[in-house]
Structure formats: structure tokens, C-alpha cells
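A.B. asks: Given the structure of chain Y, go ahead and fit chain U onto it with the hints provided.
There are 2 protein chains.
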Amino acid sequence: MKTTTRALITIAALLGSVLPRNAHAQPQRPPAIESPVVHPDHTVTFNFRAPNAKKVELSGQFLKTNAPLTLDTNGVWNLTVGPVEPNLYPYNFVVDGVGVADPGNPDLFPNERFKASLVDVPGEPPLLHAAQDVPHGEVTYASYRSKTLGRLRPLLVYTPPGYRAGTDRYPVLYLVSGTTDTEETWFKVGRVHFILDNLIAQKRAVPMIVVLPYGNMMMGTPMPSSPQAAEMYQVFNDELVGNLMPFVEAAYRTLPDREKRAIAGFSRGGGQSLFAGFSNLDKFAWIGSYSAYLTPEVFDRYFARAAADPQATNKKLRLLWLGVGKADFLYPQATEFDEYLKGKKIEHQSLVTEGGHTWMNARHYLAETLPLYFR
Amino acid sequence: MKTTTRALITIAALLGSVLPRNAHAQPQRPPAIESPVVHPDHTVTFNFRAPNAKKVELSGQFLKTNAPLTLDTNGVWNLTVGPVEPNLYPYNFVVDGVGVADPGNPDLFPNERFKASLVDVPGEPPLLHAAQDVPHGEVTYASYRSKTLGRLRPLLVYTPPGYRAGTDRYPVLYLVSGTTDTEETWFKVGRVHFILDNLIAQKRAVPMIVVLPYGNMMMGTPMPSSPQAAEMYQVFNDELVGNLMPFVEAAYRTLPDREKRAIAGFSRGGGQSLFAGFSNLDKFAWIGSYSAYLTPEVFDRYFARAAADPQATNKKLRLLWLGVGKADFLYPQATEFDEYLKGKKIEHQSLVTEGGHTWMNARHYLAETLPLYFR
Chain Y
1008 MKTTTRALIT IAALLGSVLP RNAHAQPQRP PAIESPVVHP DHTVTFNFRA
1058 PNAKKVELSG QFLKTNAPLT LDTNGVWNLT VGPVEPNLYP YNFVVDGVGV
1108 ADPGNPDLFP NERFKASLVD VPGEPPLLHA AQDVPHGEVT YASYRSKTLG
1158 RLRPLLVYTP PGYRAGTDRY PVLYLVSGTT DTEETWFKVG RVHFILDNLI
1208 AQKRAVPMIV VLPYGNMMMG TPMPSSPQAA EMYQVFNDEL VGNLMPFVEA
1258 AYRTLPDREK RAIAGFSRGG GQSLFAGFSN LDKFAWIGSY SAYLTPEVFD
1308 RYFARAAADP QATNKKLRLL WLGVGKADFL YPQATEFDEY LKGKKIEHQS
1358 LVTEGGHTWM NARHYLAETL PLYFR
Chain U
1008 MKTTTRALIT IAALLGSVLP RNAHAQPQRP PAIESPVVHP DHTVTFNFRA
1058 PNAKKVELSG QFLKTNAPLT LDTNGVWNLT VGPVEPNLYP YNFVVDGVGV
1108 ADPGNPDLFP NERFKASLVD VPGEPPLLHA AQDVPHGEVT YASYRSKTLG
1158 RLRPLLVYTP PGYRAGTDRY PVLYLVSGTT DTEETWFKVG RVHFILDNLI
1208 AQKRAVPMIV VLPYGNMMMG TPMPSSPQAA EMYQVFNDEL VGNLMPFVEA
1258 AYRTLPDREK RAIAGFSRGG GQSLFAGFSN LDKFAWIGSY SAYLTPEVFD
1308 RYFARAAADP QATNKKLRLL WLGVGKADFL YPQATEFDEY LKGKKIEHQS
1358 LVTEGGHTWM NARHYLAETL PLYFR
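Residue numbers (the numbering used here), protein chains in the order written: chain Y, 1008 to 1382; chain U, 1008 to 1382.
Just so you know, not all the hints are guaranteed correct.
Because identical chains share one entry, a pair is satisfied inside a single copy or across any pair of copies.
Dumping the calculated DMTMM-like pairs for lysine to aspartate or glutamate here, alpha-carbon to alpha-carbon at most 20 angstroms [as the list claims (entries may be wrong)]:
(1) K1195 to E1119
(2) K1195 to E1145
(3) K1154 to D1140
(4) K1323 to E1361
I should point out that these hints are in silico values taken from the structure, not numbers from a laboratory.
Every value quoted in this text rests on a predicted model; they were computed, and no experiment measured them.
Bound-form chain Y, shown alone (with noise of 0.2 angstroms):
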């Protein structure tokens, strides 16, 4: 019997993805509905028991417009797409209008206004933020109190394999996430941990500690090109100075040195990055913005020393990375400050990708960068 169990049991390690999450159902549920399938040939199939529902699409960042379902006679819609370009994917129903998560799939996207759920196509060989058979890191809840912010505020720490045994001290980047997302963005859907992981063990970035801060600075969520997102990236700042690079130095094993220390964010993450980066040139020498920019207007007010003397910026500047998808709503106003700072003749990389303000596009220019900090 113990035999059959354990042949079953590598047969179910073996299929991997391809077998239901929960197979059997108890008696008061309903059969558990696997979604999503991916198949071999990159198609996914997506099924979703909804049947009162008068209409169910499918809305993922690998279609072009969402895509209709058919309801079959069990009240399960279903629909196969595909194939699909290998990488990890945010997706959800949407049900009469109403946009939901898949009831069974675990993987979630955490955010603060919207539930949406992730599709992993595994590429061949592996994607860079899928789990391989390297070192692990590991990523640990924590908090500190935060004066500025009057409140307990959370915070997620990627710490690199070898950490917890060891004594080394490892430099510092400081990775932020969006609008609207969570301190835990970074970790469930930019997969950070396993991207380090891997470049790490491929030896193409150095074993760093990355700090996913709550970017949430409780003032609502300002256009970047408003005024009051320079206030709030000011905030953040505080925050950051003054609250979490304390606690984070005094709670990890960090070099404290502006060369060990980077400041990197997605979107919204980006705009605060930049502000806090140029706010602490004597702090942070490295700094990364994806999917972001800063509008001339509020580098002119807020950092026209730099601005001014752009030999002495450049020398501290040991990178100032600018990545930007082509079909990005923000992909005129970061081309505008790219020019910006070759105007001043601040110096800097770019690079401008296909693709939209996506994470798969965020996941893309952290591995891109990943190997240049604290080089």
C-alpha cells in the first residue's frame, strides 16, 4: 500500500503543474476545478464555475483584449489560449463586469485595489525567476515603528543563501513597488528571491540583501507629473532615512557605505527611488528606475545642486539606470526626463524595451540591473 502511495506521489511530483492543485473533493464541496492548466505546448486552458454568470472573460497580460469563456454543462466556463511566451503572468476573470481571482489557483497578486491571480509558463531552460536547483535566500516579514508615519509599518528583507549561517555583511538595495501594491509586490510577483538566487549561483550578481519597503505613504495616489507626488516621494524620503534604513542597519548585517547601498523601484517605486536617490547622494551611489521618471520641474526645484554641478553628481552616481517599455502610458514623460538628464549632462544608462507599464517588464530591468549594483 505504502508502495502504490509513494509511486502515485512521484507520478504527481513528476506531472508538476499539469495536476490538479487539491484532487479530491469532500462530500459538501463542489469537485475542485483546476485552473490554471499549462499545457506542454504552452496553451493554457482556464476553467471557472460560475453558473449563473451571464458572461466570463478572461483579462491577462498575454492577450491583446480580454478573451469570452464557454460555459460547459457542468456551470464551468472554460477557455484555452495559447500558446503563450514563456513567463509569469497576472490575470482574472471577469465575471458580468466584476474582475475576481481564480478560486484555486494560491498564487496571488497582492495589491490594495484589485485581485488578480498568476500564470507561470515555464520556459525551456528555466526563466530566471522560476525556482531552480541553486541556493536558496530567504525572505522575511518584519517592522518597525515609523515616526514620521505615526504607525507600525511592514516590511519584507531578502537576505542571500549562506546568510543565516554565516557573519559576512552584504551591501543594500532598497526595492520598491507601485501603486497600489504591497510590500509583498516584489516578492510574490517580482520574484526577486529566485532571480537572486539564480544570478547569484550563475555568479552574475553579488550576494546582496534587498529591503521591499510599504511605498504606501497613506496620501492617496498622485499622478506622477503632479505636484503632490513630489510631497509624497518627500515623505517616503523621511520614512526612509529616518525610519527604515536605521532599522534595517541595525537589524541586518549591511555595509554601511553609500557604494554598498542602492535605491531601486517600479512605478511609483521608480519616482520615490529617483527622489530619495538624488535627496542622499551620500548615501546611495547606485539608483534604478523602471517603468518611472521625475519631471523636470521638480528636479529643477528639488535637486538644482545636482543639477548644477553634474561632474560632482556623475562622480557619486556609480549608476543611474533608466529602463522604459515602448507601450508604457509613462513612456513619453521617462523619454522627457531621459533628455532631461542628458541636458544636464548627468550622466546615465537607458533602456528602452517593448511591452507596457507590466511586471514583466519590471521583473526584466531588475535582472537587468541586478548584476551592475556594487560592481
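C.D. replies: Only chain U this time, still in chain Y's reference frame:
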């Protein structure tokens, strides 16, 4: 301007959860819906945007039956319930028959089968699961390679306040969640970290490490009365002893002694804990069963030696603790197990409470037993 901003933030901090989590909308988004709103009198308002839905109900473990929401002129469904007894409750909306999580509430119930949200009705003084102004431990996401299951397995590890900076070794509680739960459920729903932070600060519990395994052995969801359940418990036991424990004891500063190891769990995790505990009386001296049981048939078959020599068994067991609610659907079987143990003269403590097979009871039983372990 800065002063005004700071003042607003201070007000926001004081108002706490009554304020929207995401204040202003970006142009392309509908206005943020604030839900749930917990009022000072412990009534709670739920809001859900679904202009095309025919029927929206609230399903919550603070309600006797599902309660209908009412559609307002903005396409938002509303309902105020309560006053609700202070506690942390799972809930979801049922939209034309489909259960969905609350879109704007980031506090989710980690589960493989459904999506539900969490609402925290605060007590005065604060309840034991609330974040209080005490030293906080950490929760770490890690992973290990399981030879038993042939795959990388996730686990969460709570380390107590002072762990990271110190050199002390600690006792370890293995704490297992239920069918369709994930390794995150005792963290996000069980709030084991805050409960233990508070108990440690009150000197009511010994500082300890808590390990949260992923209890799904990929063998379906057998009913606890079925022979298949015991086979699954056996695989869990092999996984625990052969893979998880060696990983934990190598990676964390544990006290590797049977008197310093406990195992407990809720629902399926309680069955797994009873089975693994009795299978390894040389490794565990403390066993907690929260809303769970073993059948007499399973006990007779697998633990005949323990039953045959109760004196030796009682000498080894520092604590065998059973808790169950009178309204639990497993109450008859849990009571039968209790009677069986009495008949066999195997010493144990029992707690029968109000309530059912809920995470409110799971937290309650955890809070009752944490002060007992390792004393």
C-alpha cells in the same frame, strides 16, 4: 505645505482602519471602494462594486446565514452588520452564486480552493492576535528539497524577538494547517506571530521557534475517518522526520531534544500532528490537536504499543492537548477519540468550547496551548 501634509498623515494614522487604504483614484480607474469599514461601535460596513450583478450576499463567520447587500445608485452594493464581537473573521461576497474576495482588502485568507478576505474587529484592550507595542519576532519564507515528495517545498518560520541578534537556542513548535490551507494560513489567518509576540512580552509563553510546514501531501483531501487519511499522515510523517526536521535543525538555532519539540495543528494538521507525535515519542514530548482526532481503528493499528503501555506513554508525553468546538462537524469523532484515550488511560487535557470548525477557534486553541508548551 510639508506641515499640512504631516498633519494629514498624523490624522490618518490616528483614524487607522476607518480611512480608505487607497484614497484618490487615477483617472482611468473607478473610485476606490472602501471595504470593510469597521466602525467604533463594532458595526461593519461592506461595499462591493458590481453594477450588473443580480444578487450580492455577504458570507461571514460572524453571521448565522448569508446576508444580502443592497445596490446603491453608483453600482455599489452595501451592507452594515453588527455590532460584531471583536475577533478576526474570514468573509467573502457571493455574487450571483460565485464566492469572491473583497477587491480592495489586501488581507486575504491563503487557501487552495477559495478566495476569502479577513476583517479585524478590534477589541479593547487589544485582542491577543493584534499587533501591539511589544518586541516583534520575524516570519521567514524558506524552502527545502524534499526527497519524500520529490520537489522543493515551502515553509514559514517564526523566530522570536531577539533571535536575529542573539545566539540562544530555542524550542520548536511544528504548527500545521488544515485541508486546502497553505503554509501561509497559520501566519496570515492564525496570526501566530502576533499571538506569540504578545504572550512572550507578557511572560506567559516561552520564546520559541514556530515552523509552519505546507501540509498538503498531494494525495487529495481524504476524510479524516478514512484509511486514506492515515496513509497520508504516514507520508507527512516521513516528510517531517526525513526532510523538514533535518532542514530546520540545520538552519535554525533549535534545541534538539524531545522535551524541546512540540507538534500541533488545526483540522487535517491536527490529525497529522497526532499521527506524527505518536509515531515519534522519542522526538516530541508535546502534542496539540485543534479540531481534530484519530479514529480508534487508526490508533489501534499504528500505535498499539503506545496504547498497550499507557504508563510508558504518559511518562514520555509532557502534554497531549485536545480542543474542539461543540458546533464543529468533527465534534462527535473528536469526542469519541477523547473517550478512547480515557479508556486506554492515556493522559491528556481537553477543552470543549463554543463555536465550530473555524480559525477563530484554531487561534483560541493556539493561545490556550502556547503557554503550556516547554514548561
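A.B. asks: Could you run down the list of hints and mark each one as holding or not?
C.D. replies: So, going through the hints one by one against the coordinates:
Both within a single protomer and between protomers do K1195 and E1119 lie at most 20 angstroms apart by alpha-carbon distance, with minima of 14 angstroms and 16 angstroms respectively. In this homomeric assembly, K1195 and E1145 come within 20 angstroms of each other (Cα to Cα) both inside a single copy, at 13 angstroms, and across copies, at 18 angstroms. For the homomeric pair K1154 and D1140, the shortest alpha-carbon distance between copies (13 angstroms) is at most 20 angstroms, but the shortest distance inside one copy (42 angstroms) is not. Taking the closest pair of Cα atoms, K1323 and E1361 never come within 20 angstroms of each other, the shortest separation being 31 angstroms inside a single copy and 64 angstroms across copies.
The earlier numbered hint that this structure contradicts is number 4, and it is the only one.
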